[in-house]
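Participant: The primary structure of each chain is shown beneath.
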Amino acid sequence: MTADLVSVRGVHRRFGSGPASVHALRDVSFDVAAGTMVALVGRSGSGKTTLLNVVGGLDRPDEGTVVVDGTEVTALDDDGLSDLRRSRVAYVFQTFGLIPVMTAAENVGVPLRLARVPTVERERRVELLLDLVGLADHAAQRPDELSGGQQQRVAVARALAASPRLLIADEPTGQLDAETGLSVMALLRGVVESEGVTVLVSTHDPVMMELADRVLRMHDGQVSC
Amino acid sequence: MIRPALHRPSVRGRARADAGPLLLVAAVVAVVTLLAGAAPPLLRATADDAVRDAARTAGRDGDVLAHARWEYDDAPDGGRIRAPRLAEDVDDFRERATEALDPGLRAVLRPPVAVVTSPTLKVTEGTAPRTFRLAYLVDGRGPHSQTRVTWVAGSPPAPSVPPERESLTVPYGGPPWPVQIGLSEVDAAELGVRPGDRIPLVDEFRRAKDVQVSGVFRAEDSGDPTWRLAPWLLRPVAGADGVGTTRLGGLLSPGSLPDARLAFDQDELDRAVRFSPEPGALDSGTAEAVTGTLVTLKATSGASSVQDTSLKWETQLDLVLREVQTRVNAASAQASVLLAAVLTGAVLVLLLAADLLARRRTQPLAAARQRGTGLPDLAAELLVESAAVALVAAGVGLALARLVAPGVSWWWAVPVALAAAAAGPGFGTLHAARATRDRRAPANRAARRWLAQTRQLRGAAVEVAVLVAAAAALVALHQRGILPAPAGGAAGPWSTSDGEAALPSSAPALGAVAGALALLRLLPAGTRAALRWALRSRRPLAAFGAARAAATASHALPPLAMVAAAALAAFALTLGATADRGLADGAWRTVGADARLDANPAAGVDMRALAGRVAASPGVRQAVAAQVVDGARVTTESALVTPRLVVVDAAAFRRLLATTPLPDAPDLARLGPAGPGGVPALVRSGDGSLRPGMRLRLPRDGDAEAVPLTAVGTAPAVGGTGDVVVVDAAALTAAGVPVVPNTVWVTGPGTARAVAAGTDGVDTVLRAGVLHERRGAPLTAGLLRLAWTSAAVLLALGLLGLALGAAEGAPERWQTLSRLRTLGLRLREARWVAAGELLPPVAVAAIGGPLLGVLLAYLTAGPLALRVVVGAEGDPPVAVPWWGIAPLAAAFLAAVAVVVPVEAAVRRRRRLGEVLRAGAG
Chain D
578 MTADLVSVRG
588 VHRRFGSGPA
598 SVHALRDVSF
608 DVAAGTMVAL
618 VGRSGSGKTT
628 LLNVVGGLDR
638 PDEGTVVVDG
648 TEVTALDDDG
658 LSDLRRSRVA
668 YVFQTFGLIP
678 VMTAAENVGV
688 PLRLARVPTV
698 ERERRVELLL
708 DLVGLADHAA
718 QRPDELSGGQ
728 QQRVAVARAL
738 AASPRLLIAD
748 EPTGQLDAET
758 GLSVMALLRG
768 VVESEGVTVL
778 VSTHDPVMME
788 LADRVLRMHD
798 GQVSC
Chain U
9 MIRPALHRPS
19 VRGRARADAG
29 PLLLVAAVVA
39 VVTLLAGAAP
49 PLLRATADDA
59 VRDAARTAGR
69 DGDVLAHARW
79 EYDDAPDGGR
89 IRAPRLAEDV
99 DDFRERATEA
109 LDPGLRAVLR
119 PPVAVVTSPT
129 LKVTEGTAPR
139 TFRLAYLVDG
149 RGPHSQTRVT
159 WVAGSPPAPS
169 VPPERESLTV
179 PYGGPPWPVQ
189 IGLSEVDAAE
199 LGVRPGDRIP
209 LVDEFRRAKD
219 VQVSGVFRAE
229 DSGDPTWRLA
239 PWLLRPVAGA
249 DGVGTTRLGG
259 LLSPGSLPDA
269 RLAFDQDELD
279 RAVRFSPEPG
289 ALDSGTAEAV
299 TGTLVTLKAT
309 SGASSVQDTS
319 LKWETQLDLV
329 LREVQTRVNA
339 ASAQASVLLA
349 AVLTGAVLVL
359 LLAADLLARR
369 RTQPLAAARQ
379 RGTGLPDLAA
389 ELLVESAAVA
399 LVAAGVGLAL
409 ARLVAPGVSW
419 WWAVPVALAA
429 AAAGPGFGTL
439 HAARATRDRR
449 APANRAARRW
459 LAQTRQLRGA
469 AVEVAVLVAA
479 AAALVALHQR
489 GILPAPAGGA
499 AGPWSTSDGE
509 AALPSSAPAL
519 GAVAGALALL
529 RLLPAGTRAA
539 LRWALRSRRP
549 LAAFGAARAA
559 ATASHALPPL
569 AMVAAAALAA
579 FALTLGATAD
589 RGLADGAWRT
599 VGADARLDAN
609 PAAGVDMRAL
619 AGRVAASPGV
629 RQAVAAQVVD
639 GARVTTESAL
649 VTPRLVVVDA
659 AAFRRLLATT
669 PLPDAPDLAR
679 LGPAGPGGVP
689 ALVRSGDGSL
699 RPGMRLRLPR
709 DGDAEAVPLT
719 AVGTAPAVGG
729 TGDVVVVDAA
739 ALTAAGVPVV
749 PNTVWVTGPG
759 TARAVAAGTD
769 GVDTVLRAGV
779 LHERRGAPLT
789 AGLLRLAWTS
799 AAVLLALGLL
809 GLALGAAEGA
819 PERWQTLSRL
829 RTLGLRLREA
839 RWVAAGELLP
849 PVAVAAIGGP
859 LLGVLLAYLT
869 AGPLALRVVV
879 GAEGDPPVAV
889 PWWGIAPLAA
899 AFLAAVAVVV
909 PVEAAVRRRR
919 RLGEVLRAGA
929 G
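First to last, the protein sequences are chains D and U. Position one of the first sequence corresponds to residue 578 (this note's numbering), numbered consecutively onward. Position one of the second sequence corresponds to residue 9 (this note's numbering), numbered consecutively onward.
There could be a bad hint or two in this list.
Unchecked claim - One-sided excerpt, in silico: chain U residues whose CB lies under 10 Å from chain D:
1. A558
2. S826
3. R827
Said to hold, decoys possible - Some chain D residues flagged as far from chain U (calculated, every beta-carbon gap over 12 Å):
4. N630
5. E649
6. V694
7. T696
8. L707
Since the hints were derived computationally from the structure, they do not count as laboratory data. In this text, a Cβ means the ideal position worked out from N, Cα and C, and glycines have one as well.
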């Protein structure tokens with residue numbers, strides 16, 4: 578049996594106060610096994626992004642606990658959360674989030690720079706990752722010289738650079754056409770297989786749901802399996 | 009014509025939502041309008057003060073003088089008729105001169121004083137060469153109003169004939185006609201005479217004169233301006249008739265004036281009417297008209313060679329007024345340059361603020377467009393808002409200006425108000441149009457590149473236009489200078505509002521903008537180079553900061569505003585410091601040392617001994633005694649010149665110069681004993697009338713042969729005078745000319761204390777005092793205040809530009825930083841990265857801006873004619889005020905240290921999760 582990498586228990590998250598407050602997460606509890614790909618689906622406003630933020634330590638719940646790779650995320654201070662994101666949790670943004678003046682290789686190397694990985698090792702790792710995402714020939718190109726799909730592949734490579742245990746992707750194919758989106762989804766599935774990374778991805782895409790090991794459905798701030 | 013439809017709720021809603029930026033725009037407009045509105049009337053007031061000051065300090069140069077020959081007094085059957093009513097004639101002459109004046113001119117002159125003076129006579133007794141003159145003074149109170157003196161011994165001068173013989177005829181060639189005079193107590197003591205004594209006098213033909221002392225008087229008010237016309241009536245005046253001479257004078261009365269006429273030949277007595285200017289009646293507005301009237305008066309005056317009794321007019325007042333008008337024009341033009349600099353900085357900051365506002369409003373404006381609002385309607389709505397803000401703020405600024413200044417000028421406020429009113433709608437409409445236009449970025453890479461190149465070309469065209477305008481302005485400034493053309497006359501303050509002068513006046517401002525654009529052209533390349541270096545380094549924060557800086561380096565407006573404002577602030581500081589340096593140098597040249605002690609002739613102080621005493625005081629480096637004679641008569645091979653003659657121990661003088669910042673005079677080493685060509689002398693002349701190599705002659709008193717001089721080198725500019733002759737004291741003494749020092753120059757830190765103690769009987773001129781007085785002169789003080797104020801305002805505008813630029817880039821910057829934080833960047837590291845992004849343009853502003861400003865000062869200092877305002881002979885050397893520029897640069901760098909933490913504190917309140925995918929999920 579595979580151990581759980583993520584454990585969420587009794588999480589509540591409200592935004593605002595008084596009558597106008599929004600209860601984004603209501604008593605959410607679930608576990609994610611290590612090395613699996615979990616799709617988080619639901620309508621807009623159902624709380625998917627809020628849940629991903631809470632799991633990744635980008636936001637703090639009002640109640641409940643989140644444990645990632647044995648660390649209680651909800652108990653960490655700012656620096657602890659930074660360390661968590663630096664080493665064990667990575668993100669893929671819908672809008673890629675690449676640094677425009679850096680090449681694809683340099684963008685991929687950003688987490689390694691933050692971790693102060695020696696240059697030689699960093700370059701080797703970047704080369705490996707670009708090869709993994711199929712962009713070895715585009716290492717020297719800047720984001721504006723790449724297509725949307727290629728940029729998202731670079732983003733995935735960057736997310737994997739620091740060898741995270743958990744990769745969180747929020748609508749990673751939201752800005753891509755169907756074909757390109759499919760290749761990115763396949764890439765994420767491949768990453769789970771080859772790197773043993775746990776992927777928690779929010780999506781509307783039925784293909785992605787099919788690729789996932791498990792689907793969590795969200796409705797009005799609550800999760801159902 | 010379709011009128012734009014205004015949706016008032018939208019106007020009100022946008023104004024409420026963006027009240028902060030709008031208030032900021034209003035504050036900038038109000039402050040700059042206050043400065044622009046108050047500076048011209050304040051300068052006009054200082055110009056009026058300067059004109060009055062010039063008239064007050066012009067001395068006899070400011071007087072308007074009317075001469076007229078006497079009517080001949082020959083009797084029909086030979087001899088000369090005594091004219092008993094000569095005093096009344098003099099009074100009539102005074103009235104005739106007064107009536108001949110233009111009413112406008114008369115209104116700015118004081119009541120006249122008629123003065124009758126004899127030729128210079130020689131006192132034949134005593135060893136020291138002394139001269140003597142007779143004088144009759146009468147003011148507007150009439151011939152019998154000589155109540156200005158108290159007779160302490162004897163009585164007023166009386167006629168030399170009894171009343172029944174008052175109109176007698178005196179044969180030609182008779183004995184000297186007796187004439188009675190009164191003497192001041194000091195002059196009587198100097199001559200050693202008492203009432204009833206005769207003064208042994210001869211004229212230049214050695215004809216004896218019969219001058220008897222009737223009484224000794226004391227002036228009731230020795231400060232009465234009337235005495236200024238003949239100061240030797242009150243006390244001996246040294247050097248008035250040549251080196252080593254002392255002039256004394258005898259006062260005539262209405263009763264003795266007819267005898268004085270007979271005591272001299274027909275035209276030997278000079279009669280004149282002097283009008284002194286009334287400073288309070290003059291101002292910069294009337295000065296021009298008065299100058300014109302004076303020029304006309306002199307042009308229509310009878311020639312002095314004409315043998316009739318018509319009025320011959322003389323005055324230097326027109327030159328005095330023209331000179332001060334030139335200074336006023338120079339100060340006005342320099343103030344225009346400073347105001348143009350402030351306006352340029354303000355307009356750039358207003359453009360930046362409008363751009364920021366438009367970016368903040370892009371979404372609501374785009375939404376309004378999507379709801380069907382046309383661009384003209386949007387533009388009209390934005391114009392209503394910005395015009396209201398600009399007009400109200402400008403009104404507040406002008407109202408405040410009216411409170412602090414004697415008037416208000418709206419002319420210079422117009423560009424600021426216009427920029428504030430137009431920039432908002434311009435940028436807002438542009439952003440709305442861009443946000444809603446259908447055209448998308450082409451997928452084709454070549455097409456995208458073509459679009460990018462088109463944008464670059466458009467930007468380059470604007471930059472080239474600015475460069476061409478700046479070059480044209482600099483060329484115009486160098487070719488015609490900042491002063492109005494002489495043909496235009498003295499146009500008074502703020503004549504630079506005309507288009508012809510606007511281009512040169514804007515040269516530094518345009519130069520700063522052009523220079524800033526040139527520097528900013530280098531910024532992207534610099535940041536890319538920094539990024540390449542940072543990526544090779546093992547410092548992740550440097551790499552991220554450099555990456556952000558490279559990504560934002562092409563945003564031109566924020567760094568343009570910062571660099572231009574910093575450059576213009578440094579320019580203003582340098583301009584002020586250069587003017588101040590000119591004043592300081594001028595004070596050194598005028599005084600010649602830290603202090604100058606001028607002997608009071610009446611006190612009889614031994615200046616050599618005084619120099620020795622002062623030199624022994626603690627803190628005194630040098631104390632050198634010299635005889636300084638202004639207007640000494642020196643003849644060249646072909647002309648008579650009247651330079652300042654300085655007789656001094658040459659070696660001591662050189663040692664003294666070495667303790668001052670005054671230029672060294674190595675030729676002083678050439679002075680020494682007389683050689684075959686005569687006594688060595690150093691000469692200096694503004695017009696070339698005295699040149700090294702010339703042979704000169706120094707006339708001596710009486711029959712003694714003139715002393716030959718040989719000009720062996722160039723003299724230092726002693727006292728800032730143009731024409732100077734310096735001779736070694738020992739050599740001149742050896743040549744038989746008695747040297748009586750009347751000046752002591754003192755240098756050293758203890759000078760003030762040394763001259764304050766034990767210097768009775770001398771007039772002390774302290775360099776620090778002269779400098780203080782000149783700094784406080786109206787035009788100079790006004791210009792310096794404006795320079796410092798402009799620098800402060802420009803620095804504030806530059807810092808505001810930094811803050812606005814930071815605010816403009818903040819959303820994108822912190823979004824990137826938030827993404828980096830999702831990769832593990834800590835908050836404090838994010839602050840360093842943000843600082844790294846902001847630093848390159850700020851560093852360019854902090855370092856390149858001031859250097860550009862100093863360069864502009866070097867390029868324009870000459871044509872800006874600072875010498876005119878500071879009263880220097882030549883352009884003062886550019887003084888770079890590092891004491892002001894260093895804090896200026898530091899202020900920009902320190903501002904980054906404030907902006908970044910403030911930004912971080914503001915952004916910290918936002919959830920990091922927002923970056924993941926705002927609004928969804």
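Participant: Need the list of violated hint numbers for this structure, in ascending order.
Facilitator: As far as the earlier hints go, 4, 6 and 7 are violated by this structure, in ascending order.
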